[in-house]
Amino acid sequence: MPPTSLLSTPRQPEPVDVKNLNPKACGLELSPAVLEAEYAVRGAIALKASAYQRQLDSGQGGDLPFTRKPITFFRQVLSLCDWPQLLDDPHAADTFPPDAIQRAREYLGAIPGGLGAYSESKGAAICRQHVAQGIEARDGHPCDIDDLWLTDGASRGVHMIMRTLLRDEQDCILCPIPQYPLYSATITLYGGTLLPYHLDEERGWQASPEELQAAVDGAGRQGRQVRALVVINPGNPTGEVLDAENQRQLESLVLIADEVYATNIYAEGKQFQSFKKVLRDMGPDYATVALVSLNSTSKGFYGERGGYMELANFPPAVKEQLYKLASISLCPNLALVMRPPQPGDPSNPLYEQERRAILESLKRRAQLVVAAFRGLEGVTCNPVEGAMYAFPRLTLPAGAVAAAEQQGQQADFLYCMELLDQTGIVTVPGSGFGQAPGTYHLRTTILPPEEDMQAVSEAIARFHRTFLERYGGGTQGSSGG
Amino acid sequence: MLHSSASAEQLCLASPVRREPEPVSVKTINHDVVAAEYAVRGAIAIKSTAYQEQLKEGKDGLPFDKVYQCNIGNPQILGQKPISFFRQVLSLCEYPELMEHPAAADIYPPDAIARAKEYLDNIPGGVGAYSESKGAVILRQHVAKGIAERDGHPCNFEDLWLTDGASPGVHYMMKTLLRNEQDCILCPIPQYPLYSATIKLYGGTLLPYFLEEGRDWQATVAHLQEQVDTARSQGKQVRALVVINPGNPTGQVLDWENQELLIKFCKQEQLVLLADEVYQTNIYAAGREFLSFKKVLMEMGPEYSGHVPLVSMNSISKGYFGECGRRGGYFELVNFPQDVKDQLYKVASISLCPNVSGQICMALIMNPPQPGDPSHELFAKERDGILESLKRRAELVVDTFRSMEGVSCNEVEGSMYAFPRLTVPPAAVKAAANQGKPADFLYCMELLDQTGIVTVPGSGFGQEPGTFHVRTTILPPEADMAQVVQKFSEFHESFMRRYKGENGGS
Chain A
1 MPPTSLLSTP RQPEPVDVKN LNPKACGLEL SPAVLEAEYA VRGAIALKAS
51 AYQRQLDSGQ GGDLPFTRKP ITFFRQVLSL CDWPQLLDDP HAADTFPPDA
101 IQRAREYLGA IPGGLGAYSE SKGAAICRQH VAQGIEARDG HPCDIDDLWL
151 TDGASRGVHM IMRTLLRDEQ DCILCPIPQY PLYSATITLY GGTLLPYHLD
201 EERGWQASPE ELQAAVDGAG RQGRQVRALV VINPGNPTGE VLDAENQRQL
251 ESLVLIADEV YATNIYAEGK QFQSFKKVLR DMGPDYATVA LVSLNSTSKG
301 FYGERGGYME LANFPPAVKE QLYKLASISL CPNLALVMRP PQPGDPSNPL
351 YEQERRAILE SLKRRAQLVV AAFRGLEGVT CNPVEGAMYA FPRLTLPAGA
401 VAAAEQQGQQ ADFLYCMELL DQTGIVTVPG SGFGQAPGTY HLRTTILPPE
451 EDMQAVSEAI ARFHRTFLER YGGGTQGSSG G
Chain B
1 MLHSSASAEQ LCLASPVRRE PEPVSVKTIN HDVVAAEYAV RGAIAIKSTA
51 YQEQLKEGKD GLPFDKVYQC NIGNPQILGQ KPISFFRQVL SLCEYPELME
101 HPAAADIYPP DAIARAKEYL DNIPGGVGAY SESKGAVILR QHVAKGIAER
151 DGHPCNFEDL WLTDGASPGV HYMMKTLLRN EQDCILCPIP QYPLYSATIK
201 LYGGTLLPYF LEEGRDWQAT VAHLQEQVDT ARSQGKQVRA LVVINPGNPT
251 GQVLDWENQE LLIKFCKQEQ LVLLADEVYQ TNIYAAGREF LSFKKVLMEM
301 GPEYSGHVPL VSMNSISKGY FGECGRRGGY FELVNFPQDV KDQLYKVASI
351 SLCPNVSGQI CMALIMNPPQ PGDPSHELFA KERDGILESL KRRAELVVDT
401 FRSMEGVSCN EVEGSMYAFP RLTVPPAAVK AAANQGKPAD FLYCMELLDQ
451 TGIVTVPGSG FGQEPGTFHV RTTILPPEAD MAQVVQKFSE FHESFMRRYK
501 GENGGS
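Keeping their order, the protein sequence lines are chains A and B. Taking this note's numbering, the leading residue of the first sequence gets 1, the next gets one more, and so forth. Taking this note's numbering, the leading residue of the second sequence gets 1, the next gets one more, and so forth.
By construction, these hints were calculated from the structure, which means they are not laboratory data. Accuracy of the hints is not assured; some may be wrong.
Derived pair list, reagent style EDC-like, types lysine to aspartate or glutamate, alpha-carbon separation capped at 16 Å [stated by the list, open to error]: (1) 69/A - 342/B; (2) 19/A - 342/B; (3) 324/A - 345/A; (4) 48/A - 342/B; (5) 267/B - 14/A; (6) 47/B - 120/A; (7) 363/A - 243/A; (8) 47/B - 243/A; (9) 324/A - 37/B; (10) 19/A - 121/B.
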């Protein structure tokens, strides 16, 4: 309750200063574990790399800087939608395939004001219809466009959900460790508590229901409320793809399924199954499990700022609140997450060729990166079954641990900073994602172009040898800890 | 109500109550989310969408055959054309192969091609890659250049954050400045409800300062002082002053003297000045010009120019370009400590980056074609055509309102809205109260039901207690305007008839 005027101390003006900002926004009240996860993906090393301006960026999963071409059809449609006069230009037929022209006309016809007008807050109806159709084709279960929110990237959806679910510090969100630090950052930002559950590196990064139950029980004993479970499938940074059995075990609480890497699957015999499909397949007994499915145009094989969130089994009153939240930022940008060209369409052959080439190249690079790390002394690396990252585990000398501590850092941060300084290769230390205590990892993408892979592997191998020599052998970080 | 961390800890140590699983429901989600309101997309707007569906499906029974969207500053949905040069550059950036095509020179003017090339050469990965979190360097440089030319004072591109619309900048500032309910933000009443919504959302308190309708919507420093002193004596801290110039919904354009007074007040009370300047190119009143708060601040002498913290916000959604759907904007920080700027960088980075197409659009708007450029003639024609049309429509709308019974309307000096004041018969006030609504809500709902015209009630923006207003845009195309103003007048007459005299009452 605000103090009454009789009892309160009058407030004097004070200048804006980092000490009087919202501590949740600034992470000043964070636990040590979360401080490490302080949005490491764009932290000190990334900033230094920008300063170096070296374009051998292995640190971020937005892979287009590497001359990887975008999908032609999508860009053609977007270009026509940007400048609709092209449609009537006499040169249009020579410059664009007929199905791109037709698709642009379809969108412009169905979106009042084209790309220039605010759309509905959940996104233009036609775009949601196309997304819904895609989801239905993928899962074999209906998708209602009123349950879809298109967003400026999947991150926005995470912000909205955390904002809504978290009331105070007693509210917890179960997060995988290692995790993509958007989750730790937003949980802190919106005043909740991160409740970790550890993925088991020895068992392909699977989560055990026992571990989850233990975490929930522990929280319960402390008077905390567990609000949701975050699952990232395929995993980031860990790269595992869950199997349906594991998915079924995880259906409980509000499930936040981060599925942005749904189309990045490389491992033989693995396929992506959405949590929505698994949930619906589990039948009416599970019709009350609330599910948030998140997807993005940034991954897969596209690359622009778009995404969506689908809500299943949420009460209408809660969906209204989420609609209202979306409306306060008016609407998402019309990035047109779209249906690809179908077999028989003029653009289909090129589209299929481009898509296959990208995915097969990613698969080859996934294997190359894993092999490169497994060739280093004291390094193990789980296979990259999906997503865009390898997350090798490093055994680092005691001398390195000590040197890092003196700088107030973790040993993997030191490793990654020196790797950057000496080779220009940008990675993110495992401490940025969380890891089992006493272990060290780093996250690298699999995105450098294939022709650079050899050089990158050799540079890392040379650096690794030098690092071990410099810090004098006698390793730490093995499982004995 | 947030528990303080002290009491939470005490709860834990003393006797934690085991929490049972509870389903997600509107009772168990964050109360600040539930409490926040945003009338611009509220009940009336939602109903108008339902009407549009009905009309599209050819359903009968509505007393109108078209929905007129006068509720939201969304020009292109009403047929305003985008600026050719901007769209040409954007389309080339989206599909760079076009530039290699033999017909490129026939399809695109050379300066559009050159500009697209310049951007693509300097943005790694083009529109398809994540950029820096504050926006791609070259685009911020262009925006900085445009700001410097506008104001005659330098702009450092590292003090610029490009954003998906201006709204994210407001979210970041509120999130960062508001620690708890004791922290207040001074907001003009009437205000654009993004401010009230975000203040609520981030757990702060709105401290109103009333704009005086009878004096061209100006605010007096005496009134500001009184509001601040009262808040301070109640143990509240005042963190910032929001000024919307040109005003939304009120449409006034501040003059230099007024702006100086507000800056001095901020210095005295150590307030951050949040300057919402998204309508800076929508100026219609003769003799009025836009002066950025940055410019005024920089010309006030070092004790102000080097000290008053200022956040200047702009957007691609308004002006004469109206690119609402693309989501672009920026905020510039002046006189902020470096470590505070570092925190705002971090907050921006949690959303990775703003969409690059929107960033490009912002850079284009701040650096449009210049006299002598191949595209300049067409650009100037399009720009001036739109602005002159907006001015004509502003005058028509104001004149119409002034001719209605019991209605007064301040001049629309700038922005995109008229905000007439209605004198509502007591019987209407009562009827509205019976529905649990303010009278202007009733007015706007009946206006929608009977004419298809969508507006936003003044209660959505805040107003002097006991007064009623409605916000309408000036955006319906000139071809529709005659219809719109006539229907509005007819509705108003019938509303007044119904609720006055023998026909009024229960």
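Hints, one by one, checked against the model:
1. Among the hinted pairs, residue 69/A with residue 342/B is inconsistent with the structure: their alpha-carbon atoms are about 34 Å apart, more than 16 Å.
2. A distance of roughly 13 Å separates the Cα atoms of residue 19/A and residue 342/B; the hinted pair therefore holds under the 16 Å criterion.
3. The suggested pairing of residue 324/A with residue 345/A is violated, with an alpha-carbon distance near 39 Å, which exceeds 16 Å.
4. Taking the CA atoms of residue 48/A and residue 342/B, the gap is near 14 Å; set against the 16 Å cutoff, the hint holds.
5. In summary, the hint linking residue 267/B to residue 14/A is supported, as the alpha carbons are separated by about 10 Å, within the 16 Å threshold.
6. Among the hinted pairs, residue 47/B with residue 120/A is consistent with the structure: their alpha-carbon atoms are about 13 Å apart, no more than 16 Å.
7. Only pairs whose Cα atoms come within 16 Å are accepted, and residue 363/A paired with residue 243/A is rejected, the gap being roughly 19 Å.
8. Of the pairs offered as hints, the one joining residue 47/B and residue 243/A is violated, with about 44 Å between alpha carbons and a cut-off of 16 Å exceeded.
9. Restraint check for residue 324/A and residue 37/B: the C-alpha separation of about 8 Å stays at or below 16 Å, so the hint holds.
10. For a cut-off of 16 Å, the pair hint linking residue 19/A to residue 121/B is broken: about 41 Å separates their Cα positions.
Going down the numbered hints, you'll see the structure goes against 1, 3, 7, 8, 10, while the others check out.
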